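Novice: Between the sequences and the hints, there should be enough to build the whole structure, so can you do that?
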Amino acid sequence: MRLLIRGALVVDPSQGIEEVLDLFIENGVIADLGKGLPKSLSTETIDADGLVLTPGFIDLHSHLREPGQEWKEDIESGSQGAVAGGITSVCCMANTDPVNDNPAITRYIIDRAKEVGLCDVFPVGAMTKGLKGEELAEIGLMVKAGIVAISDDGETPKDSKVLRSAMDYARSLGIPVFTHSEDKSLSEGGHMNEGYLSSLLGIPGIPKEAEEIGTLRDLVIAKLTGAHIHVCHVSTEGALKAIEAAKKEGVRVSCEITPHHFTLTERAVEGFNTNAKMCPPLRDENDVKACREALKRGVAEVIATDHAPHSEDEKAVEFCQAPFGIIGFQTLLPLSLELVRKGYLTLSQMVEKLTLNPAKIIRKRDIGTLRRGARANLTLFDPNEEFTLTREEIRSKSFNTPFLGWRLKGKVKFTVYDGRIVYKS
Amino acid sequence: MRNLLSVSQVSKELFYEIYQTALLVRELLRKGEKKFPVLRGKCVVNLFFEPSTRTRSSFEKAGKFLSADVINISTSQSSVRKGESLIDTVKNLDMMHPDVIVLRHPCEGAPDLAQKFISASVVNAGDGRREHPTQALLDCSTLTEHFGSLKGKRITIVGDIANSRVARSDSILLRELGASVFCYGPSTMMPRVVEALGIKRLSSFEEVVEVSDAVILLRIQLERQAAKKVFPSIREYSELFGLNLKKLKMFKPDTVILHPGPFNRGVEITGEVAYSTRSLIFPQVEMGLAVRMVILSLLCNRLNKLKEVLL
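The listed protein sequences correspond, in order, to chains A and B.
The letter at position 295 of the first sequence is residue 311 when you use the numbering used here, and the numbering goes up by one with no holes.
The letter at position 77 of the second sequence is residue 178 when you use the numbering used here, and the numbering goes up by one with no holes.
Think of the hints as simulated: they come from the structure by calculation, not from any bench.
This one's a predicted model, so the numbers in the text were calculated from it and none came from an experiment.
Keep in mind that the hints are not guaranteed to be accurate.
What the hints assert, rightly or not - Derived list of chain A stretches under chain B, where covered just means 3 residues or more per stretch with a C-beta under 8 angstroms from a C-beta of chain B:
1) 129-138
2) 217-228
3) 335-346
Ideal Cβ placement from N, Cα and C applies to all residues, glycine included.
Specialist: This is the structure in structure tokens:
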């Protein structure tokens, strides 16, 4: 299988490239990158004039719901959604049913993803058995089976001793710990950001301070253990400050920000929109600005989706009874490009946060780059094409997004995985 | 008006129309008139997902006095316990052609959700901590009758503001009518952003005494376990924030006291205060019935018919 992509603006931060080049793929790997590659090299050619070519995006944070919650999403529909969003590697959280806390589940997910064959699915293993925060899961065996990180996601252990053990162990195994940093004792019962709107509507709030206390604790334990922690979906200015300070102290910490947290404020909840309900919740303008600034200044290295599908039936309920979470694969690119258009990021910085940086965090050297010899996982997009996000457009099983009906700018045209075109629009 | 979801839908002009009509209704009620042929052939469903005696019976009487058929459904008998969703419950009810569904629900925004799926009108009879529009209408009617006008009047709401739908609805309508609204209570019972309610927080009982033309006391529910994280004891609340005759005497002689009920004697208010000449608590209940009769007529497009009957 040979594929030649001609005349795209190639953006590859791993090599510091941002220029119009041709790229040639052979046997699933990148064979050549250069100017004016001969057309005869290839059986198939994509004329990519006006398009941007980058390494395939790597999403560190998603929920694919298989096994156990296939009515929301499964590995196949999730993979389809991912590649439609230009994502060729997906890390999926462990809160499946049963929980991914043992190597059998890890292997199941990986095997199932290979059968589907549209993108990499890298499972994140549970930190503790059943995500209960009490006993360590079989982390070592799961690493052997293929997990790239551990996390109890929404349930980061309250018990600091358990968290310490998990971090200590993860460090010894050379994998990062993904934390959903939150002091649940402070946020329990909350359904949206605690602030102006929650005060007005009487909806119980989730204080920013719950995230900030959680972040501080997790950072302190990371310092103690020397583990690499990756703080998921940071949403407040205070948490970002804590992370920045910890970095200066030499704590091994990275963090991600989701497109919804750098795009929307709590006002999206108005009208009791359950598709704007997620955890951490949408915050206020000050925090949105802090999130954008953190990406700009490199305090946040990664943009990740926290793609969390829920069926329409589950979301068509009273606000306080709706589950947390929104889908995010197919809005990742246009919303990230908005940061480029607004001047917060250069195109190259944006691509870095979607490719190279997440690859480094999960210690993968053969993805997130267009180096010769790397796996041919690529995203080819038109930064200027506008489209309306309709239900028909969405490839996931679920449609729970506050961006439904939005006019978005930036469209994935081709996604290539191991040299094969797995998505084309 | 098709639905009454929030009292912010009620303009000053509409309020006065409701208020004036309610006064006439009340006059007839006081004369012993209890059957108004206004909503004959109409059906009102009281759908209550929370225990309530006062509001439910007030709406029930309002419907019956207007000659509507009234059906009461409360959670203990409803299919909600069988796992039916709110949308499905109201959709099923709607297929039986009611004209108004009066909805009380523990989740904020539940009436807004329900109205999207049905053709009957929805009255919000209290949604979680958010709003209780008819309570605000009856409170403001009671106060307007007492003062003549609320313009420039200073009203203080005392108690658990954070969890109070009465405080939220009252503050909206009181401000619409030109009053200044203040609040007072344990700091642990204040919303994070008090200003969001357009009200000013007072920091001492002395200030409450100084500013208030009227005081609205809220019901305190300290018996719930969760409440104990917020306040230590009923005894302490009563001592620090409750109103007794001795404290009442510190106010200006014309300051009046309201309470949405049911009040806890000896907690936020003593019996002596509730039954004193300064209390408007019982007139509130009577006004509540009249106001709800006006609201049901309004939502059924029968306000003019009601007015004809009153002439």
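Novice: Hints numbered earlier in the text: which of these fail when held up against the supplied structure?
Specialist: Of the numbered hints, just 1 does not hold.
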